[in-house]
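Novice: Residues per chain are reported as follows:
Number of protein chains: 2
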Amino acid sequence: MREHFELRATDAGGRLGELTVPRAGVTVETPALLPVINPNLDTLSPRRLAEEFGAEILITNSYIIHGTDDVRERALEDGLHELLDFPGAIMTDSGSFQLSEYGEIDVTTEEILEFQRAIGSDIATPVDIPTPPDISRERAADELETTQERLEIADRADTGEMLVSAPVQGSTYPDLRETAGRHADATSLDVFPVGAVVPLLNEYRYGDMVDVVAAAKRGLGADAPVHLFGAGHPMMFALGVAMGCDLFDSAAYALYARDDRYLTVRGTHHLENLDYLPCSCSICAEYSPDELRELPEDERESELAAHNLHVTFAEIRRIKQAIRAGNLLELVEERARAHPTMLDGYRTLLDHAAQLERSDPVSKGTFFYTSQESARRPEVLRHHERIARLSTPDSLLLTEADSPRSDEYDDIWRVEPPFGPFPRDLSKSYPLTAEVPDRTDRAALEAAVRGVSRLVEANPETDVTLAHRGWPADVVARLPERVSVLDVAGDS
Amino acid sequence: MREHFELRATDAGGRLGELTVPRAGVTVETPALLPVINPNLDTLSPRRLAEEFGAEILITNSYIIHGTDDVRERALEDGLHELLDFPGAIMTDSGSFQLSEYGEIDVTTEEILEFQRAIGSDIATPVDIPTPPDISRERAADELETTQERLEIADRADTGEMLVSAPVQGSTYPDLRETAGRHADATSLDVFPVGAVVPLLNEYRYGDMVDVVAAAKRGLGADAPVHLFGAGHPMMFALGVAMGCDLFDSAAYALYARDDRYLTVRGTHHLENLDYLPCSCSICAEYSPDELRELPEDERESELAAHNLHVTFAEIRRIKQAIRAGNLLELVEERARAHPTMLDGYRTLLDHAAQLERSDPVSKGTFFYTSQESARRPEVLRHHERIARLSTPDSLLLTEADSPRSDEYDDIWRVEPPFGPFPRDLSKSYPLTAEVPDRTDRAALEAAVRGVSRLVEANPETDVTLAHRGWPADVVARLPERVSVLDVAGDS
Ligand SMILES: [Mg+2]
Ligand SMILES: [Mg+2]
Ligand SMILES: [Zn+2]
Ligand SMILES: [Zn+2]
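Top to bottom, those sequences are chains A and B. Each residue of the first sequence is one higher than the one before, counting from 1 in the numbering used here. Each residue of the second sequence is one higher than the one before, counting from 1 in the numbering used here.
If you're looking for bench data, these hints aren't it; they were derived computationally from the structure. Treat the hints with care, since some could be wrong.
[As the list claims (entries may be wrong)] A partial selection of chain A residues facing chain B, derived with a Cβ cut-off under 10 angstroms:
| # | residue |
| --- | --- |
| 1 | CYS281 |
| 2 | ILE319 |
| 3 | MET342 |
For glycine and all other residues, C-beta sits at the position ideal for the given N, C-alpha and C.
Only chain A is shown next, with the shape it has when bound in the complex (with noise of 0.2 angstroms):
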């Protein structure tokens, strides 16, 4: 077990946990958003951002301080802490970024990691490769074993109590990312961003995204706290948190607030095109868009950035409360709808059920189908997986029908989309208490014909009748042959 790092609950892939960062003494709950401060430039002080937003932690770019003469002495003279007059946690950047956008950085990772200790860092970073997306495997391979190199120099390094990260590179390449996963996970570092992931987002490549973190976290252990590098947009915290990651670093808050952009959970929007502010923060309950618009530059960027900051420190709240409600996937759910590429990243995490079954609690609150995807949910793969473990007489009834029309049966099963058969004893525990709607639909049906496949396979000398109302002619025809079937729609 990871020292530094606890899980407190899970729910599907998502967790809520506690990073320990010992050099700062303070416990990080997780998910977590790290502000990011332009140490030359803040539009929010780190002092309001902890007090007004509850930042526990942020996160700063070394590799600028140590580039700008003055920024650089007084933070070797007094600290990043009293620097920035922040009392959280905060963790330094490399300047990897810096290196994957402008080509080279002048340090090695010996001097930055010594650097940032020297500033007082509570989480240093060494100076990876951040390999893009869509390369050629030879380059991402090579790549990664520079950034391996790089992990392996940091682990050997003399950090004392500061803690440090161990960047997971391998561009799109599932294996690739595995592998790095499992070798960072190896070092005995103690953060794990996944990099180099910001050119996906910035083409809404959210699949993609969703493929490169579950590859990631096949590599690393479940105790592994995992940073979604550069993801700073609120529409995808709950999308990422599903899949296992546990920090995400903003500056975009601020950023898009330069720009006059207003982010929502449903994306953003520029303050031009808006004649309502969609919000309850304290800045939308105040302001017109007419009065945000007309204010001076200064003001109107701080009074966006701090409506930035609320929404997207709300919805760190939002998914904490679903972790612990067993409600995570009801609002990823709803994000898929803020855009199709969303959407395409939530059927995406769904391609990965299985790996977010290992996680999922066994019993939750209720399971609410909502979408056809909701068909493709950990749990349905899990009640399948668990029906042909269930014991089976000679002649079995599954129906739909309330009350069951015949006695000539050994026993009588509930057939209930998406879920298909399962026995009466099991109709209080969870996931079957689940809440669906009265208007199924077609994936449901599927998944209940694939739940009855599973027991009828299971159990090849069991004679199983299946009772259903109205299921189309092509879904009852991906049944076993062997099962027999009676609608009984137009029964009461």
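Given chain A, work out where chain B with the ligands should sit, using these hints.
Specialist: Leaving out everything else, chain B with the ligands in the frame of chain A:
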């Protein structure tokens, strides 16, 4: 045209409008929320509702005022506006709800209208019969007759500048609701509450609610401002607006607060069960759940009511912005995931796509396909109607491929799920500029097949070839037989 109500913008069945309330000398922008004020007990003062929350109109109960001696005397003497200290418009209810709850009230329509006028109400309500759902048709028709007599009495009454509402009853009988709508619309009354939906809402019967509203709307003119009477949960506002409701009233914000219940657009939480406050409002940014729980009861109630109202008004602003931007149905898509019964509501809304289509603008921003339900949106229906009117050559290739593989056809059109075929010169026009997920779904393919079928049926002399990318055989099988089909999934 009803002179007191003007439409500014529409989206699906939703409308942005202006309700002019002459007696108050104010214009209320709709969709509007009317906080319910109990004159004996105000959780948040009306003045604060106006100044802090931007309430332009509120509703209070004239029957309670009438029945409370000291309040009645003050109302008669000083007028409602002074009594409540509210600068906006004040609507008064008649006691019909009390009638439905307690069986009888002891005033006539003439008396209560005269009383409402005497106390200075801006929008009065006659004493209609709030006929519950699911009762016999005979009783529903009988009671509707009584309601209609009362509306005629109200119509003849001397009410001066005061607006008067005309409730639309008819229980769960769509034809009665439609008749009731038509009758109410034929009076000179001003505001049209769809009555007695509270029992449906209490049972989460959002599908039935939608059917009831859709029926009433078929009877009412487009210029009739419609009040979804008693609907105060922000979770369902977008759905109600999309079906054509303009006014909502909320007692919930205060009643729920009294009971430590916390509203969100995703449902209701009991404060006791919250580990985090999943909201960006000033209350939720300031307090932790424990801090809220530890407040003295009165203060906790008023802070919770303030949160509830911030959330409620923010949703109204979000809906207005969505109508302006032309993405109201995208918002309904999200809200439909709050609960399986909300999904039923949305699926039912789409049963009325042809009705919604009539008020849906021909061109908007960008159509987002965000669930299989999107395939049934009014824009898809309209495109299918349009397809039947397009002129076609003798031979036509409909293709999903980027570079058509042949010039053996007179013309080549794109085919895109969920819309189906369209000629090249429509490709830049709404809704064919749609954003769709990379991972499509069966509903989208089936809708595209319906589009192809419409084209083929309307043009029996055209030879049609469809080149699709790997559509399932049983979807392709729904095409008319004379369509030639190529699968180009393997082609580049
Ligand atoms: Mg260490
Ligand atoms: Mg009049
Ligand atoms: Zn805001
Ligand atoms: Zn709040």
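Novice: Each hint needs a verdict: does it hold in this structure or not?
Specialist: Here is how each hint holds up against the structure:
1. CYS281: holds (4 angstroms)
2. ILE319: holds (8 angstroms)
3. MET342: holds (8 angstroms)
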